[in-house]
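Novice: Read off the chains here:
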Amino acid sequence: MTKLLLAEFTRPEAMLAAARNVDQSGCRLADAFTPFPIEEMAELLDAASTSLRVYMFIGGLIFAVGAYATESLSAVYLYPFDSGGRPLYSWATFVMFPFAIGIFGAALIGFIVTMVKTGLPRLHHPLFSFEPLERATQDRFILALEPPHATSLEARARAWLIEAGAIDVTEAET
Amino acid sequence: MSFAPDRRDALKLLAMGATAALGACGPPEEEIVPYVEMPEGLTPGVPMQFTTALPLSGYARGALVTSYEGRPTRIEGNPRHPASLGACDIFAQAEIMTLYNPDRAKAVLNEGNLSSWEDFEKALLSQMQIERGRRGSKLTILTGRVTSPTMVRQIQALLKSFPGAQWRRYEPIHDDAEISGATMAFGRPLLPIPRLDQAAVVVSLDADPLGPGPYQLAYAYAFAQKRLARKGVIQFGRLYAVESCLSLTGANSDERLALPPHLIRGFIVDIANRLGAKLPQEALGDDASRFAAAVVEDLKANPGHGVFLVGRGQPAETHALCHWINRALKAPVDYFPPVDPVASTHVDSLRGLVEDIDNGRVESLFIIGCNPAYAAPGELAVDDAIAKVPFSAYHGLYDDETAARCKWRLPLSHTLESWSDLRALDGAVSVVQPLIRPLYDTRTAHQLLALMGGMLSASSYQLVRETLQARAPRDFETHWRQWLHDGIIQGSANAPLAPPNVTLPHMDPLQAPRGPSLTFAPDPSIWDGSYANNAWLQECPKPTTKEVWGNSIHISPSDAAANDLEEGDIVTLRRGEHSLEAPVNIVQGQAAGVLGATLGYGRRRAGAIGEGLGFDAYKLMPIGTPWAAHNVALSRTGARSTILRTQRSFHLAPERREIYPTVTLQGFTEGNIDISERRGLPTLLPEWEYDSYKWAMSIDNTLCIGCNACLVACRSENNVPVVGPIEVSMGREMHWLRVDVYYRDEPTPLGFQPVPCMHCEKAPCEPVCPVEASVHDSEGLNVQVYNRCIGTRFCQSNCPYKVRRFNFFGYATDDVYANLHAQSFDAQFNPDVTVRSRGVMEKCTYCLQRISRARRTAEKENRRIAEGEIVTACQAACPTRAIIFGDLSNADGKVSQLRNEPQHYEMLGHLGTRPRTTYLAAIENPNPALREKEE
Amino acid sequence: MSASNEVPAKAERWLQPPGRSYEAINELVSAPLLKRKKWSWKFWWIAFMASLALTALMLVCISWLFTKGVGLWGVNTTNVWGFAIANYVWWIGIGNAGTLISAMLLLMRQRWRASINRFAEAMTLFAAGIAGLFPILHLGRPLYFYWLVPYPNTMALWPQWRSALIWDFWAILSYILFSILFWYSGLIPDLACVRDRAKTPGARFWFGVFALGWRGSARHWQIYHVYHTTMACLGVPLVISLHSVVGLDFAASLMPGWSETIYPPYFVVGAMYSGFTMVIALAAAVRWGFSLQALITVDHFDVMAKILLAASIIMSISYMTEWFGAWYSGEHEERSLVAYEFRGHYRALYYAMLFCNCFLPQIFWFRAARRNIALVVVVGLVINIGMWLERINIVWITLSHGYAVSMWRVFHPTYWDYLLMFSSLGLFALLYLLLCRLAPIVSMHETRRLLSQEAQQ
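Chains as they are written, first to last, in the numbering used here: chain S, 8 to 181; chain W, 8 to 942; chain V, 757 to 1213.
These aren't lab readings, by the way, just hints derived from the structure by calculation.
By construction, the Cβ of each residue, glycine as well, lies at the ideal position given by its N, Cα and C atoms.
Among these hints, one or two may not hold up.
[Said to hold, decoys possible] Covered by chain S, per the in silico footprint, the following chain V stretches (three or more residues, Cβ under 8 Å): (1) 842-854; (2) 925-934; (3) 964-971; (4) 976-984; (5) 1017-1026; (6) 1168-1179.
[What the hints assert, rightly or not] Which chain W residues stay away from chain V? Per the calculated CB distances, all over 10 Å, these: (7) E473; (8) T632; (9) P771; (10) F815; (11) F832.
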């Protein structure tokens, strides 16, 4: 049960400016909601780095190796036979299948990990009940801030935000 | 009344009839003697072989019939029989298809209404009473050529009791000219049989010893003996062919000259004169006389080893002159007394019948086993004549054209259902023993004749035994068993006569015809038309044109250009009031001014398969000169039709010669054989080890005469389905083994090359199959696993030899041509071979079933399979032994040895496929004298 | 909308007014989905009915094919492959372009792709799906196609991994699954957008479900962005390997004219070539159908025409390489095959192909031609026909003129061949039309980003 200030901006630049100097408002930057990805915002939230690619690489590798193992095992041990006098272990011809399936594997693992890391799918979220957020997926750039506890300070923060270009500041609770 | 069902209806009806027959399946009641085992040794699933003999134009060819639990499925040659020598021609093999043919006549019909043998017997007896009254003066029996001693005996007995009766006999493919020619030369009818295996020089004038016929196998075998070029042994003759239409003999010749009939006459006269006959010289072109000169030189160079042959198409005096020449050359020819007991010529015999009928001298007519209403010169109008006879009975296999004109239609038993006896060209007698109880309520000719003689319940078995009793008065039973076992009565052949003195015939000058001549020849696939309803033969490509499911007018390129005709253009041929329409087929090597037609097509009543195909050339056949109609009028109709062919172009570009290289005998002896083949190419892959048998096949292109015996053998052995004309036109025929034909030397002669699966060690078809339907077995066979095949067809698209065949439809089961929807057809299947279903690929297996059978026996006796123990179907049928199958791991096996021959080559070896089927390049023996001048 | 967030026009403009505000973009794209009433669906219904009829026809063709067998087609003992294979290669070619555009152009920082990649990816999905159908229909016994999968079975059988068809099977399968993920993950933020714009509870619910509760959180965006770009990086090698494998179906054989090392790259370019023409056609259709002139501008067609021009030049070079290779190899079979291409039974088709793929596209050297949308579309379609001809030529010419001279035969298509080919277009159109009504046809979030990026210049 934390209280948040949602500051709406119409331009990403304004939002970023505000976010950079958010300390002046005495608030702490909690999150931002934008209609398209803004790299700098991620940095400000220090969420820039992610291990997703590593997971994808490993996932792909597992799929590929699995496929190659299936091929070699079945062709050499489980079901060996003379196919046009070619060697049982025709590695060159075993490459394509692992390659293709490996890439799919990476994609699949990547999707799953993305879901896990983002906590999606989560069809309902407390913030959905706050009208401004609807515009975040459309054309509004919203900063979510944890205001200072003292109400006086909070009022200052709101004023500062309006000054910084926010067209509106509303309260929300999560 | 005209009941005209469309093709498919007809097929269905026939099917219904055929199914009724199956109950009859089973061995005949009388004991028949198996070739290898006694019947009590019968174990289910293990086939037994019985000997019998099968007639072609009345003459016997010995056969070995494989039978599963009393169900004949496969016909091969009887090695002890002089007319087959172990090989088997296409007609004999296809008799299986005829036996189970649902179109066969199955019941007695009277005026087209269902009747019974009993009714016929009643009618017959009263009719014979009448005839007896007038001593048979109005009784006539019409047969084809009869060689069966029993039948001859019966007929003569009848003639004795009916002195006034007439015996007419007419064989569509007759030898009138030969016989009368011999009579002209020797003063008595004689049958010349050349010993080709002793002839260094063979000159064939319109003759076709290698072509289809009752003695083809024997001739081909003998010919092959003089076609042998191996390291060390060289027995090689030279074959000259002078002919109007391209025959198999011409195709296989070393030197060929295409001449119109009248010039051929001039040619032989020229030869005769060069050999000392003082005949008035006749017109002859420069090329022809140069050719003649070369021939004569060659003949003189080989005294006693040159032989002259003249074909049935030539007039009698030409034959006589040929005899004179052969005597002059001391040619290796045997003269036999004719087996055919009837003296008069076939044409006279038939003409006599028609006259008799027209003059009301025939009131009871019995037609046995021949179809003159169709297969006779059109101008005789035999069919109308027959219709006039008040009491006429037709005894035949099919409800055909003649049957339609007769009051009584009596179903005849197939040879494989009947006891009888037959004689070969040289007189050798074989007993015909039935392999199966008659499928339908049919009777043999013997039974009918007995019936006419008043014997109601005669058994052919007894009749035959009575006839042969004389040959072994003492201890008949042992002899009988021996005869049945051997399939031939030893020593029954006529002894060749010492050649009597020959008189030089008087040749009255012949004037050149004004218009084009139309020559007639038996069809290489369906003979005289009697095999028209046989699907196997209809789909058997004609050797020199690769045409199937029809015939065409063969025309020379020059004539075609002159009349601006293209292949498939339909023309009208008119001779007198008779005319016919037919598509033309432009044939290289056809003599200018000569049109060629094959007989047997245009059947009006043949059955579901045979009707409505091709045109009936008999219509234009003259009585006087039956084999050539002169001055026919040719005009184009403007209509077109496609000629169905399984191979389009016979031309090989020089750089593609490696597919079918040729070597001259001279080159072979001198050892300069330039077969441009690249073999043993380096490979990055490790070699695959074959530790057990290594099956391989070697095919000698020199020996292959293109007779198609192998092709039909394969079809019959491996249940290869017939696909029918529509599917052939789509290019989907299924022959596992095809016989390719290429110009050896444009335009002729031709070279033939049987192409089964190559069973490549580095098979391109295998690695591309995603489901291992196409794999290699431990013995190096490239096997196709039908039930694993999903039909990607990658294997065929990647097969450089294109030997795989795909079931685009359910040819073996659903397709109407496969079985006419008749269960009786299923009886013909080889139970050891899977019947392939729709959507799977199939191909030559080297007769895997025969290999595994041999392996089973060998393993029982725990030994290796011996050399020559396995004989593939194609190999067994081949009259010239061009196909050899064996085990490569056996270094001194025949196959291994052939691989060391200098002319040995791998087809497309440069692809590195390492085929197990390899070839010996065709060796030809042209006459240098003729070749030099050409340059 | 308040004019406050109207972005001022800058140097390069991939977006035209009135598309130059975030809200305008949202409105333009989501209107067909949310404001159906005020939208005229007349042409949509006409197209839908037409494609529905064609799809029904396709079903008829397929069921009759299954009843009767592949004998219905013109395939024969020599030309055992026919339309089915050509159609397959053609469709899979089209199926490649979508990923190429969204992945390769993304990596190449071609920002303009933003407004076209979405429906290009959808095109990929459907085309690849249809392509995957043909090899199965081509089988003699289609019901056993699953034997290509290594599944446990009582006979302990396994697929034959050396066969190019196996590689093919897996490449297509992986590609289709990959494309689904790529397309759907790209769709999520837009679905969220539509969800939030939707008025009716139904729409809110369904778009909401598929939006997976996307909130546009910057943290999510970060992960999402990484995933999307990584997918793009993976997509490029996948799509290239896929069509290389298709090329290997032929190149891994030993038939003259097939067994050529140039095939894989040559097939990839061919795929891009025919695929782009399809994208152009669809772009024009979408642009007109949903009046998206603001988002899909003439410049888009201009630049895509340039790509076509480049591709046509590469194709022409590939053809010439083929001819040269044949001559240089010294193999008479190869040479005679090239001769057959120009003088054989299919020469008309071959010349037509050269015209469509090599000569016609050269008009794109002219700027005017590139900026004439109608012309670009028409030329594109002609090229696409040319590419189909190329595929059928590859199949027919080699098979008809192989090593076995005695088996040289010509392919005569039956009407079933044609019916199935054309009706498959119907299925494609049907799927596409349905998509237009169910999901945003242009990627809104990427377009918005494009807009802001343009603004910063």
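Novice: State for each hint whether it applies.
Specialist: Do the hints match the structure? See the list:
1. 842-854: Since three or more residues must qualify, the claim that chain S covers the region 842-854 of chain V is violated, with 0 doing so at under 8 Å.
2. 925-934: holds (count 7)
3. 964-971: holds (count 6)
4. 976-984: holds (count 8)
5. 1017-1026: Coverage by chain S is violated here, the residue count being 0 at a Cβ distance below 8 Å.
6. 1168-1179: Our answer is that it is violated, as 0 residues pass the Cβ test (under 8 Å) against chain S, missing three.
7. E473: 54 Å, holds
8. T632: The claim holds: T632/W sits with its nearest Cβ about 37 Å from chain V, beyond 10 Å.
9. P771: It is violated; P771/W is separated from chain V by about 5 Å at its closest Cβ, not greater than 10 Å.
10. F815: At roughly 3 Å from the nearest Cβ of chain V, F815/W sits no farther out than 10 Å, so the non-interface label is violated.
11. F832: Consistent with the label, F832/W stays out of reach of chain V, its closest Cβ about 20 Å off (over 10 Å).
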